[in-house]
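Student: What follows is the residue order along each chain.
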Amino acid sequence: MWDLPIRLFHWVLAGLIAFSWWSIEYHHGDWHIWSGIAILTLLLFRLLWGVVGSSTARFSSFIRGPTAIRRYLGGDWRGIGHSPLGALSVVALLGATAVQVGLGLVAEDEDGVMTGPLSRLVSIDTSDAARNLHEIWFYVLLAFIALHVAAILFFRWRGKKLIAPMITGKTAEEPGTAPMRPAKWWLAIVCLVIAIGISRWVLAGAPPFSP
Amino acid sequence: MRRFALMIAATSVLIACGSSRPSQASNSAANGAANVAASAAVAAAPVSGAKAAAIMHERHEGMEAIGKANKQLRRELGASAPDLAAVRAAAAKIAGLAAKSGGWFPAGTGPEVGKTGAKPEIWQDPKDFAAKLATFQRGSQAFDAAARSGNLDAIHARFTDLGGTCKSCHDKYRSEMHH
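Quick note, the sequences are listed as chains W and P, same order.
Position one of the first sequence corresponds to residue 201 (my numbering), numbered consecutively onward.
Position one of the second sequence corresponds to residue 6 (my numbering), numbered consecutively onward.
Read the hints as simulated data drawn from the structure, not as lab findings.
Ideal Cβ positions, reconstructed from N, Cα and C, are used throughout, including at glycine.
Please note that the accuracy of each hint is not assured.
Using C-beta positions, here's what the derived DEER-type ranges look like [unchecked claim]:
{"id": "1", "chain 1": "P", "residue 1": "Lys124", "chain 2": "W", "residue 2": "Arg207", "range": "51 to 59 Å"}
{"id": "2", "chain 1": "P", "residue 1": "Glu66", "chain 2": "W", "residue 2": "Ile394", "range": "43 to 51 Å"}
{"id": "3", "chain 1": "W", "residue 1": "Ala292", "chain 2": "P", "residue 2": "Pro116", "range": "54 to 62 Å"}
{"id": "4", "chain 1": "P", "residue 1": "Pro116", "chain 2": "W", "residue 2": "Leu353", "range": "52 to 60 Å"}
{"id": "5", "chain 1": "P", "residue 1": "Pro116", "chain 2": "W", "residue 2": "Lys370", "range": "51 to 59 Å"}
{"id": "6", "chain 1": "P", "residue 1": "Asp88", "chain 2": "W", "residue 2": "Ala218", "range": "12 to 20 Å"}
{"id": "7", "chain 1": "P", "residue 1": "Ala159", "chain 2": "W", "residue 2": "Ala292", "range": "46 to 54 Å"}
{"id": "8", "chain 1": "P", "residue 1": "Ser85", "chain 2": "W", "residue 2": "Gly295", "range": "31 to 39 Å"}
{"id": "9", "chain 1": "P", "residue 1": "Gly169", "chain 2": "W", "residue 2": "Gly295", "range": "49 to 57 Å"}
{"id": "10", "chain 1": "W", "residue 1": "Trp221", "chain 2": "P", "residue 2": "Lys124", "range": "18 to 26 Å"}
Here are a few chain W residues that sit away from chain P, every Cβ distance over 12 Å (derived from the structure) [to be verified]:
{"id": "11", "residue": "Leu213"}
{"id": "12", "residue": "Ile269"}
{"id": "13", "residue": "Arg271"}
{"id": "14", "residue": "Leu293"}
{"id": "15", "residue": "Val322"}
{"id": "16", "residue": "Phe355"}
{"id": "17", "residue": "Trp401"}
{"id": "18", "residue": "Val402"}
{"id": "19", "residue": "Pro408"}
Example chain W residues on the side facing chain P (calculated, C-beta under 8 Å, incomplete) [said to hold, decoys possible]:
{"id": "20", "residue": "Thr315"}
{"id": "21", "residue": "Pro317"}
{"id": "22", "residue": "Arg320"}
{"id": "23", "residue": "Ile324"}
Looking at chain W on its own, in the form it has when it is part of the complex (with noise of 0.2 Å):
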């Protein structure tokens, strides 16, 4: 049900995340950076694999509207991968996420030694303003997070497991749905590539393109 690029994506992200927490609190800011970076590099690979990756992953096969959501909680939904509601929590932890990587950014500590890569391209007030935020937002994306196990316990509990298709990509087969499509490797090698090269640019302040 999971292809192997979205698998890595979900548990690297998720350590990812623990390991920002760890580093800033023990004030390893540079690994921190580093960490937000990566991060970075995750979400945007994320956001072209939902464009060119397989059936499961696209954005196009699981954001669904509020009449497909009504659906769904009337219990008349049969699928593989995200369920319409389980879409909106996908876009929700994506989208807190990048949040709050572009907050840490900008962001810059009170005596401006540790520095978001594009903090300089933003006032000192722009800056003070985002590391707030930036602190505050944390506990929104533990929100998010606390919600999305809960949600996974609820279904457990309901009888279906949804940890283990997360670390093999497999599940039982539903029948009368089509199984998912599979993209090609080498695709996901180049949008990490794009990823990477962007991510790159970033962190060196953003420059001009000049020729």
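Starting from the structure of chain W, add chain P where the hints point.
Tutor: Relative to the frame of chain W, chain P by itself:
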């Protein structure tokens, strides 16, 4: 030997007066002065009461001003054509405050006395702290000299050096302090 160096330095300062590029000798004299100021930093007699509070206040304001100048410099030097007058003003500001910073850390001005970002480790390892403070003072003077010279390559290099001296000291001796 030191007296000799100081004499040379004093002479060369007189000669170089008005010229923008300070000589090697005046730099080393400044280094010596910085070392003396820094070793006075933590060896000074302990303070208490109103005097301690006044020093802690001055330290806080001074560090904040240095931080602000640093942030302005980061933005100015990130621009394609930095405003040299602004760079010089900020560099002079930092160098001036750095010269005073030797008097900011007498015993009795730590977190046991009041709210401060200064860690108790400062007074547990005063020699190392004094050495780091001296490095910062030298860095501020070297950056100030580079700013006055107007050589952009030197300005960028000395600014990076200076930032390194802030970081190496703060990593060990500065705690977070929320206002």
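Student: Next step is simple, just say for each hint if it's right about the structure.
Tutor: Cross-check of the supplied hints:
A hinted range of 51 to 59 Å for the beta carbons of P/Lys124 and W/Arg207 is inconsistent with their spacing of about 43 Å. The hint said 43 to 51 Å for the Cβ distance between P/Glu66 and W/Ile394, and at roughly 48 Å that hint holds. Here the CB-CB span from W/Ala292 to P/Pro116 is close to 41 Å, at odds with the stated 54 to 62 Å. As the Cβ distance of P/Pro116 to W/Leu353 is approximately 43 Å, the hint placing it in 52 to 60 Å is violated.
A C-beta distance of roughly 56 Å is found between P/Pro116 and W/Lys370, which places it inside the suggested range of 51 to 59 Å. The supplied range of 12 to 20 Å is broken by P/Asp88 and W/Ala218, whose beta-carbon atoms lie about 43 Å from each other. Checked against the hint of 46 to 54 Å, the pair P/Ala159 and W/Ala292 passes, with Cβ atoms roughly 50 Å apart. A C-beta distance of roughly 34 Å is found between P/Ser85 and W/Gly295, which places it inside the suggested range of 31 to 39 Å.
Between P/Gly169 and W/Gly295 the CB atoms are about 37 Å apart, so this pair departs from the stated range of 49 to 57 Å. Range check, W/Trp221 to P/Lys124: Cβ separation about 22 Å, and the 18 to 26 Å hint holds. Remark: the non-interface label on W/Leu213 is consistent with the geometry, its nearest Cβ contact in chain P lying 27 Å away (cut-off 12 Å). Distance check on W/Ile269: its Cβ is at least 41 Å (rounded) from any Cβ of chain P, clearing the 12 Å threshold; non-interface status holds.
Once the 12 Å rule is applied to beta carbons, W/Arg271 is consistent with being away from chain P; the minimum gap is 49 Å. Every CB of chain P is more than 12 Å from the CB of W/Leu293 (nearest about 28 Å), matching its label as outside the interface. For W/Val322, the shortest C-beta to C-beta distance to chain P comes to about 9 Å, within the 12 Å cut-off, and the non-interface label is violated. The claim that W/Phe355 lies off the interface holds: its Cβ sits roughly 40 Å from the closest Cβ of chain P, which is beyond the 12 Å cut-off.
Residue placement check: W/Trp401 keeps its beta carbon more than 12 Å from all beta carbons of chain P (closest about 15 Å). No beta-carbon of chain P comes within 12 Å of the beta-carbon of W/Val402; the shortest separation is about 14 Å. Its beta-carbon lying about 8 Å from the closest one in chain P, W/Pro408 breaks the requirement of being farther than 12 Å from that chain. Interface hint at W/Thr315: satisfied, since its Cβ lies 7 Å from the closest Cβ of chain P, which is below the 8 Å cut-off.
Here the hint on W/Pro317 is broken, as its CB sits about 11 Å from the closest CB of chain P, past 8 Å. Hint on W/Arg320 holds. Least Cβ distance to chain P is approximately 4 Å, under the 8 Å limit. Hint status for W/Ile324 relative to chain P: holds, with the closest Cβ pair at about 5 Å, below 8 Å.
Checked against the numbered hints above, the structure violates hints 1, 3, 4, 6, 9, 15, 19 and 21; every other hint is satisfied.
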